[in-house]
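S.K.: Please put together the full structure from these sequences, using the hints given.
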Amino acid sequence: MERTNRIPAGSGRNFGRGGQRASFKEMCQMLKRVLRYMTENYKWSFIAVVLCIFGSSLATRRGTLFMQTLIDDYIVPLTQAASPDYGPLARVLAVMACIFGAGILCSFAYTRIMVNVSQGTMKRLRTELFSHMQSLPVRYFDTHSHGDIMSVYTNDVDTLRQLISQSIPQVINAAITLVTTLVSLIILDIPLTIVCLFMVGLMAFSTSRLSGRSGMYFSRQQKDLGAVNGYIEEMMDGQKVVKVFCHEEKSLEQFKALNRQLRDSACNANKFANIMMPLNANLGNICYVLCAVIGAILALGGYSGLTLGGLVSFLMLCKSFTQPVTQLSQQMNSIVMATAGAERIFQMMDEAPEEDNGYVELVNAKVNADGSLTETKERTGLWAWRHPHSADGTVTYTKLEGDVTFNDVDFGYNDDKIVLHNIKLFATPGQKIAFVGSTGAGKTTITNLINRFYDIQDGKIRYDGININKIKKPDLRRSLGIVLQDTHLFTGTVMDNIRYGRLDATDEECIAAAKLANAHGFIKRLPDGYDTMLTGDGSNLSQGQRQLLAIARAAVADPPVLILDEATSSIDTRTEKLVQEGMDRLMKGRTTFVIAHRLSTVKNSDCIMVLEQGRIIERGNHEQLMEEKGKYYQLYTGNAIEAS
Amino acid sequence: MIQILLGQVGEYKKVSLLTPLFTALEVFMEVLIPFATSAIIDQGIQAGDMGKICFYGAIMLVMAFLSLLFGVLAGRFAAEASSGFACNLRESMFENIQTFSFSNIDKFSTAGLVTRMTTDVTNMQNAYQMMMRIAVRAPLTFLCSMVMCLVISARLSLIFLVAILFLGVCLFLIMSKATKLFSQVFHKYDDLNASVQENVSAIRVVKAFVREDYEKNKFAAAAENIYRLFVKAEGRLTLNNPVMMLVVYGCMIALSWFGAHFIVVGDLTTGQLTSMFSYVMSMLMSLMMLSMVFVMITMSSASGRRIAEVLTEKADLTNPADPVLEIADGSIDFNHVSFAYKHGGSGEETLHDIDLHIRSGETVGIIGGTGCGKSSLVNLISRLYDTTSGQVLVGGKDVRSYDMEMLRSQVAVVLQKNVLFSGTILDNLRWGKEDATLEECQEACRQACADEFIERFPDKYDTWIEQGGSNVSGGQKQRLCIARALLKKPKVLILDDSTSAVDTATDARIRAAFAKKIPGTTKLIIAQRISSVKDADRILVLENGQVNAFDTHENLLKTNPIYQEIYETQQQGSGDFDQPAPDTGKESA
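Read top to bottom, the protein sequences are chains A and B. If you use my numbering, the first sequence corresponds to residues 123 to 766, in order. If you use my numbering, the second sequence corresponds to residues 17 to 605, in order.
Please keep in mind that the hints were generated in silico from the structure rather than gathered at the bench. A portion of the hints provided could be inaccurate.
Unchecked claim - With a Cα cut of at most 27 Å, we get these calculated DSSO-like pairs of lysine-lysine:
1. A:LYS245 to B:LYS196
2. A:LYS378 to B:LYS449
3. A:LYS699 to B:LYS574
4. A:LYS378 to B:LYS123
5. A:LYS594 to A:LYS521
6. A:LYS372 to B:LYS330
7. B:LYS550 to B:LYS505
8. A:LYS594 to B:LYS248
Said to hold, decoys possible - Far from chain B by the CB rule (all over 10 Å, computed), these chain A residues:
9. LEU157
10. TYR196
11. VAL198
12. ARG248
13. GLU356
14. LYS362
15. ALA388
16. ALA403
17. SER512
18. VAL531
19. LYS592
Beta carbons: idealized from backbone N, C-alpha and C, even for Gly.
M.R.: Structural data, given as structure tokens:
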């Protein structure tokens with residue numbers, strides 16, 4: 123079988139990754155882990171596979187050896203007999219047919235079982251990988267490029283699939299063939315076996331040298347491919363700009379240089395890989411000749427117990443001894459590649475999930491006659507924090523109101539670089555707090571803290587008087603609504619997307635939310651109304667429409683506290699008005715933290731925080747701040763000197 | 017399609033031909049080697065003749081070395097040919113794309129072009145290398161073995177004929193069904209990856225709404241679905257091996273039975289029977305390989321088709337035969353212009369019957385709702401698209417009569433979706449003028465109010481810009497893009513919503529600089545903010561692809577209801593309060 127040197131598609135994303143070849147030891151460890159992962163759920167299937175491969179390999183071996191018995195024990199006597207009796211031949215052929223039949227069954231069984239094992243493992247791997255990814259903290263997604271994360275799913279999982287479904291069975295098969303043949307060889311003649319082993323050693327040596335060289339070129343090829351793909355992506359993305367600036371020739375020139383470099387490294391990588399097979403096959407041929415000559419000398423000279431018939435069998439076996447070595451060498455490269463992929467997959471799997479030590483839960487509550495709260499199963503629209511106290515084993519209930527306080531909060535994305543200093547703020551239920559300030563002042567960062575996308579370094583954030591570290595993260599986040607600057611929608615209908623806010627919302631509730639968000643109007647005009655399919659992050663909607671949907675989504679969740687990051691992207695004035703109205707309606711009666719870009723939003727706020735370089739430098743309502751004539755005044759009157 | 021693709025082999029034709037040649041030689045050697053092996057057994061070992069063993073052993077060694085040599089050469093040339101082929105494909109595509117007009121680019125979409133140049137080319141490279149070697153090796157091995165068998169015993173070869181027919185039919189049935197299933201699987205697979213992509217970029221939403229479990233379940237269901245399809249498809253493929261073995265073993269048994277009869281009669285020797293056994297093996301192996309080639313071709317043909325599409329795409333805007341090389345002045349005239357997008361649009365006209373006349377040096381503001389045709393209108397001026405009907409004149413001459421490169425250097429457009437490229441700030445600025453001096457660049461940046469932040473970077477003009485300009489903020493990016501366009505010293509400057517992320521004060525300063533430094537340049541400013549256009553000489557109000565009004569700010573405020581409405585809402589305070597947050601390049605990447 124011809125080997126192919128597959129370059130994983132889209133490996134431009136891998137640029138800079140996996141450039142270093144893992145050491146042999148690490149590779150073995152990775153392989154062991156893959157095998158363990160695979161056999162965990164399929165222990166018996168895997169044992170059956172190994173047994174079946176064994177059976178099928180025995181049948182094949184029997185077939186090779188059968189030739190000689192056929193000729194020596196059946197055909198030759200037949201030619202010498204006066205009246206040939208084909209009976210014994212027919213009988214032995216029938217026996218062989220049975221053996222072959224069993225071999226075929228074994229071979230079918232193991233390939234079929236292997237399909238289930240490999241695909242089942244892939245399914246498990248994919249789902250576990252995805253589940254694990256969902257549990258990773260936001261920090262992971264902020265610090266890893268999305269292209270790299272995607273590449274784990276597209277490239278690495280795929281190479282691993284090839285490893286599991288093709289390489290592993292082939293390697294097992296080759297190993298079993300190798301061992302059974304070796305045993306037969308040793309039984310036949312020991313000195314010749316040593317000759318054979320010497321040649322195999324030579325093959326293994328040349329293979330490892332070659333694959334080392336080709337591996338080096340392969341990683342260079344990967345690197346060059348990454349550079350070319352990166353350049354292509356960049357240029358295609360900016361193709362319209364290229365046209366406007368008539369920069370075609372220059373970018374073609376640059377591309378040519380990169381492309382040629384890739385050609386040369388690809389040529390080298392493939393060259394070494396292509397040489398591997400003829401080299402091994404012909405080393406096998408040379409081994410055959412050596413064995414024939416040495417064997418003949420031994421047999422004719424009578425130096426060892428080798429008979430001529432034995433030598434013939436030996437030579438036959440010798441061919442099938444070198445074959446699996448060739449096969450193994452063919453698998454080397456894909457194994458190397460797959461282990462690199464496996465490493466990245468397991469790296470992601472080993473990434474620590476988001477920690478949650480909270481124990482305060484959000485529960486439905488109802489008010490007792492005496493005014494106290496008790497927990498209830500049904501949806502009452504009244505929520506309470508269920509706060510168990512480990513000290514005395516009691517449970518207290520606190521009504522969910524939306525009172526948020528920041529107490530001297532310090533925060534940095536890294537411990538050594540604090541970006542928010544001594545943030546202090548109090549938001550009583552229903553209040554609207556606006557954050558303003560120049561780019562990079564830390565406005566968006568503050569909103570990442572309330573829902574615990576990131577944990578603070580110092581200070582305390584309390585929600586209804588409870589330290590948010592004590593609240594279970596899912597419950598905390600359920601009590602917060604969020605509308606982000608970049609609207610992300612999911613593949614599904616418009617209704618599905620609104621219902622994302624609360625999965626058990628009825629159609630009527632969703633429509634009511636859409637009406638509140640001012641989204642109802644445009645949805646009605648869509649070809650299928652609420653059943654219109656959205657694909658590719660809602661690319662069939664305009665920016666403004668997407669924002670309206672995001673507002674509706676938050677509205678259906680109906681949380682007591684809202685975090686709004688007003689979008690700045692240019693939407694036309696009419697849609698803008700709709701968005702603004704929707705936002706205003708959504709904010710009514712809720713504690714709201716808003717990163718404001720609109721004057722009206724700011725003006726209507728109960729309290730405005732002016733942020734500068736991670737500190738609150740001014741606070742107060744619009745009138746107070748205007749009187750102060752500070753930074754806010756500058757921003758408002760448009761006389762700001764840009765500070766980005 | 018095949019012709020187009022083969023045309024790309026180009027200078028690698030020689031090595032592309034050498035590959036099959038050497039593969040053929042290698043195959044010949046491989047076919048001959050069993051002859052030597054059986055000779056060693058029959059004439060040497062069985063007869064106990066040491067001389068013969070050495071003689072045939074030597075022959076076999078020579079053949080092995082030759083086969084090795086041919087094999088190495090074939091592998092070498094194959095590598096050279098296939099990587100060269102891929103190189104040419106990429107280069108030709110890139111070259112052709114450079115000639116594409118906007119409308120050609122719209123047709124393929126950026127993502128489409130990237131896939132074609134990366135994944136599809138890689139597929140073609142693999143397929144080409146494989147085909148050059150296997151497509152020669154398999155049929156040749158088959159033929160040679162067949163000939164050898166016929167030479168040995170024509171009657172016994174009949175067995176193979178039956179076997180091959182049986183195998184051929186079985187393989188065809190299995191493969192044709194399997195490839196169909198596989199293409200289904202891969203389609204689903206793409207969907208799955210798309211949903212992962214969606215989740216990765218929307219992770220904040222998922223977490224904010226605590227939908228991790230919901231997403232997990234959704235994903236698990238999709239993965240289960242893929243698992244079922246995959247098992248079905250691969251299960252189909254697993255039939256291959258047993259069918260193959262069945263045929264091989266069947267042949268062996270039939271061969272043994274009939275062979276024995278033939279030998280008894282004296283029509284066949286035992287050595288010949290052994291040779292036939294090995295030929296039958298290689299014949300069936302080559303059939304197996306052929307079926308692989310079949311799969312490979314079907315799988316790569318989609319890639320090949322998509323590459324050919326790009327290669328054959330003709331730019332739909334071409335330079336006139338006798339282009340005008342100079343633009344008289346910056347005046348712009350639209351004579352009853354209508355325009356519809358050929359690709360990606362609904363097919364309806366985006367602009368209807370636009371009749372406009374702009375004097376050289378005039379500053380014109382353009383305002384209107386999303387999708388009213390503002391960008392489409394200005395894109396016609398630098399001939400990024402051609403009109404469907406009517407005429408666009410610059411400097412009194414039809415834009416179609418100008419040399420396109422000259423036209424575009426004189427009519428500078430700062431696109432709405434603008435990009436910076438990886439390189440230093442200076443590199444990026446010099447896109448506007450290749451040999452611009454540092455002073456010229458600084459001057460352009462001063463006009464675009466970009467110098468103030470550039471000077472604050474530690475490396476100043478040598479600051480490295482990441483791909484897509486992800487390390488500068490949106491407003492900074494826009495100002496750099498304006499500076500880049502200014503370096504062209506154009507006669508017409510078009511800003512397509514290019515200051516939306518710049519704060520109002522800076523925006524005003526940029527406009528003031530324009531008025532002072534480049535008074536002779538015709539300036540067209542598309543904006544959402546009234547404040548950005550109100551100082552313009554005249555303001556064009558577009559509504560549904562038609563000119564609604566074209567007048568001064570004061571007059572429009574008195575007479576035009578659309579303009580009044582926009583003005584009203586913005587006065588109520590819906591303008592940008594401060595500068596936008598930093599460009600979140602990473603999240604959107």
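S.K.: So, for every hint listed, does it hold in this structure?
M.R.: Cross-check of the supplied hints:
About 21 Å separates the Cα atoms of LYS245 of chain A and LYS196 of chain B, which keeps this hinted pair within 27 Å; it holds. Taken as a hint, the LYS378 of chain A and LYS449 of chain B pair is honoured in the structure, with Cα atoms around 22 Å apart against an allowance of 27 Å. In summary, the hint linking LYS699 of chain A to LYS574 of chain B is supported, as the alpha carbons are separated by about 22 Å, within the 27 Å threshold. Of the pairs offered as hints, the one joining LYS378 of chain A and LYS123 of chain B holds, with about 25 Å between alpha carbons and a cut-off of 27 Å not exceeded.
Between LYS594 of chain A and LYS521 of chain A, the direct Cα distance comes to roughly 16 Å. Compliance with the 27 Å bound is thereby established for this hinted pair. Restraint check for LYS372 of chain A and LYS330 of chain B: satisfied, since their Cα atoms lie roughly 21 Å apart, inside the 27 Å limit. For the suggested pair LYS550 of chain B and LYS505 of chain B, the alpha carbons sit about 24 Å apart, so the restraint of at most 27 Å is met. Taking the CA atoms of LYS594 of chain A and LYS248 of chain B, the gap is about 43 Å. The hint is violated against a cut of 27 Å.
Separation of LEU157 of chain A from chain B is adequate, the least Cβ-Cβ distance of about 20 Å exceeding the 10 Å criterion. Against the 10 Å criterion, TYR196 of chain A falls within the reach of chain B, whose nearest CB is about 7 Å from its own CB. With a closest Cβ-Cβ approach of about 7 Å to chain B, VAL198 of chain A is found to fall inside the 10 Å limit, against its non-interface label. Consistency note on ARG248 of chain A: stated as away from chain B, yet its beta-carbon is not over 10 Å from all of that chain's, at 5 Å minimum.
For GLU356 of chain A, the requirement that its beta carbon stay farther than 10 Å from each beta carbon of chain B is not met, with the minimum near 5 Å. For LYS362 of chain A, the shortest C-beta to C-beta distance to chain B comes to about 6 Å, within the 10 Å cut-off, and the non-interface label is violated. With a least beta-carbon separation of about 4 Å from chain B, ALA388 of chain A fails to lie farther than 10 Å from that chain, contradicting its non-interface assignment. Some Cβ of chain B comes within 10 Å of the Cβ of ALA403 of chain A; the nearest lies about 7 Å off, and the non-interface call is violated.
No beta-carbon of chain B is positioned within 10 Å of the beta-carbon of SER512 of chain A; the least distance is around 25 Å. Every CB of chain B is more than 10 Å from the CB of VAL531 of chain A (nearest about 20 Å), matching its label as outside the interface. Against chain B, the non-interface label of LYS592 of chain A holds: every CB pair exceeds 10 Å, the least being about 17 Å.
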